[in-house]
Amino acid sequence: MGAPAILALALQLLPVIQHGVPQFIAWLQSLRAAAQQAGEWTAEQDAAFMLAIWAKTQDPAYQPDPPAPPAP
Amino acid sequence: MSTDSVFAELTKIQSWPAVGLVFAFCVVAGYCWKLARFKWFSNEAIPPIVILTGALAMLLLGGDHPENISGLVWRTRQFIVGSIIGFSAWLSHALILSRVEDYLGGIFPPINRLLNPKPPGPPGGIPALLFGFGLLAFTGCVAIAPGSSPFVVNVERSLTVGQGTFDFVLHLDQTDRGFFRTNAPGFHQFCEWLRTPTPVATTNAPRSLAILINTQELKRIYKADRSAGNSNDLYAAWLVLDGAILQSHSWSNIITRPIH
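Top to bottom, those sequences are chains F and C. Each number in my numbering corresponds to the 1-based position in the first sequence with 32 added. Each number in my numbering corresponds to the 1-based position in the second sequence with 252 added.
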């Protein structure tokens, strides 16, 4: 494969890198938060966690693929 | 693929946040240094060069200091943040990008000749060890405060890590589902497994969230009544959560390994 194929692959990977890096940093921050937790959550933290989780049910990233169209 | 679409994609880089820009710049600087092959400077100098690059770039991109923070403290802070981003960029190369190089080098011989990749080592190994030490150095584990239940605190830590891990994996797949469906079908299927609607609290939620909600609910019940039965229920839910987190980490590792 030549340069156009490599360029096409790089362009295909660009959004993955663009969105992946902030997500990777967010994941590192979650590890950091977990490692620095010393005590049990307060009621407010419990409620905030549940709110955040329920909010994610509307996140497109959490929605399954649409069913494949029936074969002709 | 038109020229306009290429420029449209490249223009999007301008909207990246400073952290993402510095990270990407560190990776580019590392490759420039590697490809330059300075005879008077070995490639072993790349990590400190990349870390210093991140620190200086963050100093330049950090912007003006807020009114409530002195300039010296702000610049020092930006320098430290940049160093950490530079270190993360180097780790990303050692753990992920070097494997992508090996993979691409197997497909495109010119890339192989350009980068001259080393033969792949055993999975994990020294980079993984360094990553672990680096993470510990930057996070620092704290002791559990007196009066707090270690069981509850560790479950809550898993909830935090689980939330971040599922977010990372699912958003990575979401960036281009078609790409991963074709090139990493196992990874995509695992993401679909995490997305499968599962009954929880009289409704349906994606399995990953259902696991978190279920564990959180059982933890709440256990905190209200610390009986053996509730402890067993919470422990079982915790095992399910940890299993899903471990699988997510395994898939993250697998999709970055070269296929020969």
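By construction, these hints were calculated from the structure, which means they are not laboratory data. Be aware that a few hints might be false.
Below are the BS3-like pairs computed for lysine-lysine, each with C-alpha atoms no more than 30 Å apart in a straight line [stated by the list, open to error]: (1) C:264 / C:286; (2) F:88 / C:264; (3) C:475 / F:88.
Right, here's what the structure says about each hint:
1. For the given pair, residue 264 of chain C sits about 27 Å from residue 286 of chain C by alpha-carbon distance, which is consistent with the 30 Å threshold.
2. Restraint check: the Cα-Cα separation between residue 88 of chain F and residue 264 of chain C comes to about 26 Å, which is no more than 30 Å; the hinted pair holds.
3. A hinted pair counts as satisfied when its Cα atoms are at most 30 Å apart, and residue 475 of chain C with residue 88 of chain F qualifies at roughly 25 Å.
Comparing the model with each earlier hint shows no violations; every hint is respected.
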